Amino acid sequence: MSLQRGGAVLRFSLMSTRRAKEFDIIEPVGPRVVIRKDENKRETRSGIALPDSHEILVITGRVIAVGKEITNDENHTIKKYDKVLFDPREAIPVELEHDNRLFVVHIDRVLAIFRKADVATKPEEEQEEE
Numbered sequence: 001m002s003l004q005r006g007g008a009v010l011r012f013s014l015m016s017t018r019r020a021k022e023f024d025i026i027e028p029v030g031p032r033v034v035i036r037k038d039e040n041k042r043e044t045r046s047g048i049a050l051p052d053s054h055e056i057l058v059i060t061g062r063v064i065a066v067g068k069e070i071t072n073d074e075n076h077t078i079k080k081y082d083k084v085l086f087d088p089r090e091a092i093p094v095e096l097e098h099d100n101r102l103f104v105v106h107i108d109r110v111l112a113i114f115r116k117a118d119v120a121t122k123p124e125e126e127q128e129e130e
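Note that the sequence shown covers residues 1 to 130 in our numbering.
Just so you know, these hints were derived from the structure itself, not from any lab.
Don't take every hint at face value.
[Said to hold, decoys possible] Within a straight-line C-alpha distance of at most 25 angstroms, the following computed DMTMM-like cross-link-like pairs (lysine to aspartate or glutamate) qualify:
id, residue 1, residue 2
1, 68, 108
2, 80, 39
3, 80, 27
4, 68, 90
5, 37, 108
6, 37, 95
7, 37, 87
8, 83, 95
Just so you know, these numbers come straight off a predicted model, no measurement behind them.
Could you put the whole structure together from the sequences, leaning on the hints where they help?
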């Protein structure tokens, strides 16, 4: 469709009623990460099932994408696939998956990274004693 306006011809097309192609990749910009939030727990450790109104709020998840600003900064040790604890209050939900568990989180809102202890290395104090 075109429109004549002041000697210039403006061309535009009408939006299709078909759904736009879904996106496959999300890349955070700046000091941000994308986290796939873990499921909220519906039962206690002892196996007691909780009703939906009493779910245990879980604020852990896996990092699925890291912004280039963080990747290039040696002070940040966070990387893809790390399990993290994050503050969900300012996390921005992303509707990229059907279950809507993706969040864009500023690096300052990542509170902790869960790591496994390296069994092969001893703490410095123990090495000095030997």
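For which of the previously enumerated hints does the structure constitute a violation, in increasing order of number?
none
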